[in-house]
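Given the structure of chain A, go ahead and fit chain B onto it with the hints provided.
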Amino acid sequence: MPGKLKVKICAGRHLPVMDRASDLTDAFVEVKFSNTTFKTEVYPKSLNPQWNSEWFKFEVDDEDLQDEPLQITVLDHDTYSANDAIGKVYIDIDPLLCSEAATVICGWFPIYDTIHGIRGEINVSVKVDLFNDLNRFRQSSCGVKFFCSTSIPKCYKAVVVHGFVEELVVNEDPEYQWIDRIRTPRASNEARQRLISLMSGELQRKIGLKVLEMGGNAVVGYLQCFDLEGESGLVVRAIGTACTLDKISNTSAAQLPACNSPSKEIKEAPFSEDPNPNTYSSGPSTPLKNQTYSFSPSKSYSRQSSSSDTDLSLTPKTAKSPKGPRISLCPSSPTLSSDFPTLINPFQLHLGSGTTHSLTPPHSGHASPLVLRKSVSFSEDLLLAASGMGSGGSAGKDGGHLKTLLRQQTQSALEQREFPFFTLTSFPLGFLIHAGGVVSARSVKLLDRIHNPAFVGIMGNTRSYKLLDWNSFTADEPETRDAWWEEIRQEIKSHAKALGCHAVVGYSESTSICEEVCILSASGTAAVLNPKFLQDGCLDCYSENRLSRQPTFFSTGLEDTSPPSCGFCHIPYDELNMPFPAHLTYCCNCRRQKVPDVLFTTIDLPVEAAVTGRGCLIQARLCRLKKKAQGEANATAISNLLPFMEYELHTQLMNKLKLRGMNALFGLRIQISVGENMLVGLASATGVYLTALPAPGGIQIAGKTPSDIAYEQHISNIQKKINDTVSRNKELYEIHPLEISEEVIGSPIPEPRQRSRLLRSHSESSDEVSELDLSHGKKDAFVLEIDDADAVEDILSLLTDAPLPTGFYSCNTENMPGIHNWTSSIQMFTTVRVFRLNNVNLTNQGLNKSFNDLCENLLKSLYFKLRSMIPCCLCHLNFTVAVPEDELIQVAATAVAMTFDKDQAQEILKSNTAPMKAISENEEQLQFPMELSSDSPSVQTFPPSKGFLENASPQTIQGTSRATSVDYSSFADRCNSWIELIKLKAQTIRRGSIKTTPSLDKASPLAEGHLRLRSTPSCTDSTVTVVKMTPLSFIPGAKIIKYLGIINMFFIRETTSLREEGGVSGFLHTFIAEVFAMVRAHVAALGGNAVISYIMKECVFMENSNKNQAQCLINVSGDAVILIRESEQEGVPIQTHGSTSQTPQSGGAPVS
Amino acid sequence: MDSNEVKMSVELDVFVGNTTIMDEEVYQLWLDGYTVSDAVSIRMKSGILEQFGTTEDVLESDTMDHYRTFQMTERLLHHPSKLVNQVLFQIPPHRQAMLIERYYAFDEAFVREVLGKKLSKGTKKDLDDVSAKTGITLKSCRRQFDNFKRVFKVVEEMKGPLVENVQCNFLLSDKLARDYAAIVFFANSRFETGKKKLQYLTFEDFAFCACQLIQNWTVGAVDNMVEDMDVDLDKEFLQDLKDLKILITDKDMLDQHKSLVCTGLRGKIQVFNEMEGNFKNLSRGLINIAAKLTNTKDVRDFFIDLVEKVIEPCKADRWLISDVRAFLTQYTNSARALDGFKYVQSS
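These protein sequence lines map, in sequence, to chains A and B. Be aware that the first sequence starts at 1, since it is given in the working numbering, and climbs by one per residue. Be aware that the second sequence starts at 1, since it is given in the working numbering, and climbs by one per residue.
Just chain A, with the same shape it has in the complex (with noise of 0.2 Å):
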């Protein structure tokens, strides 16, 4: 029995009136685990119940630990008919079984009813008793702990990387049951909400299962998705990135390391700051220059090689065994090279013919009996290649394939893992060498009914509840779903080989579903990775596979001794053998490596990059539409547009950048969301200024005619407001790189084409290519041809994007590059829009332009509503399309604006400080105290209110020991509080200063008082703890010191009286605010003050307007912590556990 959980039931407070007749409730609670079930007593007449119950104890086993969640349903009791529920609780209880994550749950839960929403809060405190054995074979990952996060948590550091884990498990969807016809809606969805909290937690601990194995302890970077497939199921898959990850104790035993630590020197010796990386012995010794160490392992290893070999030879042994799992699935002999060409092949077959997109024929798939009647596959060449960086269609082909093999079969033991890829997108200093450029591949795939005999069989009869049990559901279905991911992962993994990069960062996967048509979907960057954080993978190559010659593999090693700034931007490739025809110039901040005129990554900018000026989000945009179809031939249409849509969004996003003169892209994220009759695309991304890359050129535009003077009046317009738009966003963006003379940039370029060509070159006619020649001669001169209509419409549309509005600035990236100065003022929040489009006779140009417009509007709109927090920065605004119906757009965004102190945003700090130390403590006095406690220090100012103050300050205490714990006892001194409280605020009001411009609260003399009480939540006035939540791995001005575990919740919500709750918007707005209750109330529950790393997964709207009903699936994760202001980390941490026994006296409303 490796566990015991104990729950107990407090009290329950604001319940709804369940007894027309007494206007009162008789609640009473179940508290369900697995399948065990307590109940409490019915507390008669009460909206406010204390059950004070025992202890409940569950004896069960750590992997139901970890699949269950625990269910709370609360009841109003009634002797003669049957209980009538109120609503219920979920708890995942998975923060409780790892040590270092939260110990006790304790708090107000809301209670959730699918139809009716929020109805009350109840108080639950869970405890678990975990008895440790270790030894077992275990089905068992507690202890491996999750994050959301895509960069190391911040009191971690990692000690390996190990790579990627994957995993996903298929169900039948009960929405789609034959039982759903006979079963009420609130049946029906609490049926989908325990099931997939039921597969989440199966995920979990199979995913941990596989970190285990490989020997890490975490998962970083973990996403996990669902795929509503309807009819054919129900898919929850996740990916993340496996390590091994060591508590930082304090800050000062992070200054001093360990010798004994391989881990702690690569955090202090980063590997980039030092100009001569093979000195480092990665041991325990302290560095010797020029000198190599060999362990046994390379033993046969030849010293021929160059000084960057050492690198992947010195790898030390940690204590932890190597055999990864996944090192049987590789060559694991010197058969080896012939090895991988058989592995690449099949991918190559899908690039094959290059440029024309080559689709594998549409019955490829038929001689298999897997559900896929069709698999249609192509390389995202033209984005690798047109941002420089592509593997072409053709890549690897030629002269350069035998050299990107030899290189392949030596690699690190990147290359032995399955896949190398890293769901990371900002790393530890050093990790990353260089950044190749974006890969990705989809592939467009049909749906089908699950072969389930069982299945059919009940469907025509009624030999019912088999069906409930889920577990018996999980077939040969999860098979053909990997095997569809496996191939995606293949095709990327094969592009990044392209590119001459052994790994894939920033990696990420995702579907759009329409009927039973499916596009998977998945992207990262290509890389180099540093070997010395994948220490056991480098071991295992060496150890494993003897390779007799040591190869040179970073073809472009030395470059390790360029600047940390500019590092990552150099080509990984082999700029003789490119795989692809790129505008190489020298690196303009070293000038010795090479580097591409455009880097396109899916990462965020590292910090320690060289930046001109400032970022900016950029939004390519587009539709398509397509014909209805069926089956097949939808497929078919779909996967022939997809090549093209990519294409233009690639296009778009590259007039977008050289538009605002900028020359990188990070975060690169493409969309492409499938509908019945159109296709819509957005890519959004943080363009940059790269001190390293060259200038961008300008746009020039080109008339096909050049006979008309009218017409060529027209261009020469067009042109002015091109240029004038530049000059104007160089100014906006504070972009003035330094002008470097052209004998010193004008390097011997290899290839010295024109982007544009390069552009054109993959679908259009050759004589089109001849005339972009023309601007052969000017250099970086970016040639937009006007041939027709659709050319000029094109054009006009790079203008129409709004301006910034003063004041603010926007990325869909962690970091914004350019501002430092964050201050601790934070909006998170969560904007959704659908549109119909009213028009018969839909065109692309018209379709395009609307969505252009609906998405230009919603920018729009996010500024105006944000305009109180000017200066500011809207970060990880990324907008999520979906085409729910056949003429509706739906676009999604959940992001966070953050003001900046904006004097100091003058001064530009270049350097590599992280952007929360650049904080004066001048600008930390801010909104927290408006947040937490703003009422607090008020009292303080005004002398008469002292007998509030010492009522005020037992409380106090009590408060920072945990903040749900308010004290109750003395009413009295509440309310007194609370009227001198009043007071003052009326007092404050009349002074007009309740404005919270910063510049008031700046000017308060109270901040120092402010601070002082930051720790104490609203502690006098109410029970419930202020949760911040932010999109980023970080807030401002705050450091977190725990993590208390994940947080993955799915909700769905239903409504058969739209009208009467205010409409869509109305039903929408409030589940989303019910979401948010929810995620806040489980933080607080655990103890945490904040969530971090937050996303709305999955939001799936659908509405029946003439039958009154909607509903609504809403799916959100991210990292509970608990913060600390920065100014007080001495100071006493928030909360500590010990005093949760205390249990809450009564509800909210006092007297009524």
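What the hints contain is simulated information worked out from the structure, not anything from laboratory work. In this text, a Cβ means the ideal position worked out from N, Cα and C, and glycines have one as well. Take the hints with a grain of salt, since some may be wrong.
Claimed, not checked - Using C-beta positions, here's what the derived DEER-type ranges look like:
| no. | chain 1 | residue 1 | chain 2 | residue 2 | range |
| --- | --- | --- | --- | --- | --- |
| 1 | B | H78 | A | G631 | 52 to 62 Å |
| 2 | B | K45 | A | N838 | 26 to 36 Å |
| 3 | A | T184 | B | H78 | 24 to 34 Å |
| 4 | B | R142 | A | I248 | 56 to 66 Å |
| 5 | B | D57 | A | R728 | 23 to 33 Å |
| 6 | B | L49 | A | D23 | 42 to 52 Å |
| 7 | A | D23 | B | R325 | 47 to 57 Å |
Frame of chain A; chain B shown alone:
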């Protein structure tokens, strides 16, 4: 080109902040009962479009979002203590206080129409007349009326000091709590305030009176420990007031009183002669009002009687406020000095 134009309509549009964003200006418009479109046009007139370089669509969307938020908050505002402990909206405490304060604020014009009326369904039905008369939207009138009624219902039967009860239950500022106490007090005793002759009096004036009455004429005023409330006038006290009749019925007493007052005021007030000539009438007016207060009907007419019997005669003679004050002080003190009243001082 035009045929290419795709018409778009926004089907759904929501914005939800983790910290609920509430624009005070829009809140006021909502409280004032404006529809979304009215609110949008009012906001546009303020030049907000130009100021932030935005469009009407954006403004409308923003206004709608706010209106929805306010509607969702409204049921919580009905029980402010719930607002403090609710979980749905994360609102910083000072914003909560603002929301409550503004929600319970009322219009002077409105309160003068309703003050002293029974807070019944009947009165509520007449609100459209009030709305038409005052120019305050019906919606706003209803909110204000419902606020009055809600506060009234909660504190009506409650023990302890009225103002504090209001404050505890509705978390209002000192000033607003006092105003509500006055409203509750007036509604309970149904003082007539709507007569034409009373129109010149502001709510502030009545609130002052209410405060004085609560402090001096209710049971709570006499003894805080008594388990009774501030809302009702002290019956015993009103009964005792009847004894004052002797001041006008007993000729000796009346003369004695008058001479004492005249002695005290000689040379101190400008209208001495008028006072002297009118003393009997004034005194009779005051005492009659006091003596009748045991009748509920007469309590209602308290203010109208005061105006007719005391204030108007004084006004006619052009008394200054200081004169009135001096007179009343002297009047009271002299009465205490009379033989029959000496015991009052010792009590």
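Going through the hints against the structure:
| no. | hint | in the structure |
| --- | --- | --- |
| 1 | H78/B to G631/A: 52 to 62 Å | 56 Å, holds |
| 2 | K45/B to N838/A: 26 to 36 Å | 31 Å, holds |
| 3 | T184/A to H78/B: 24 to 34 Å | 31 Å, holds |
| 4 | R142/B to I248/A: 56 to 66 Å | 60 Å, holds |
| 5 | D57/B to R728/A: 23 to 33 Å | 25 Å, holds |
| 6 | L49/B to D23/A: 42 to 52 Å | 48 Å, holds |
| 7 | D23/A to R325/B: 47 to 57 Å | 52 Å, holds |
Violated hints: none; the structure is consistent with every hint.
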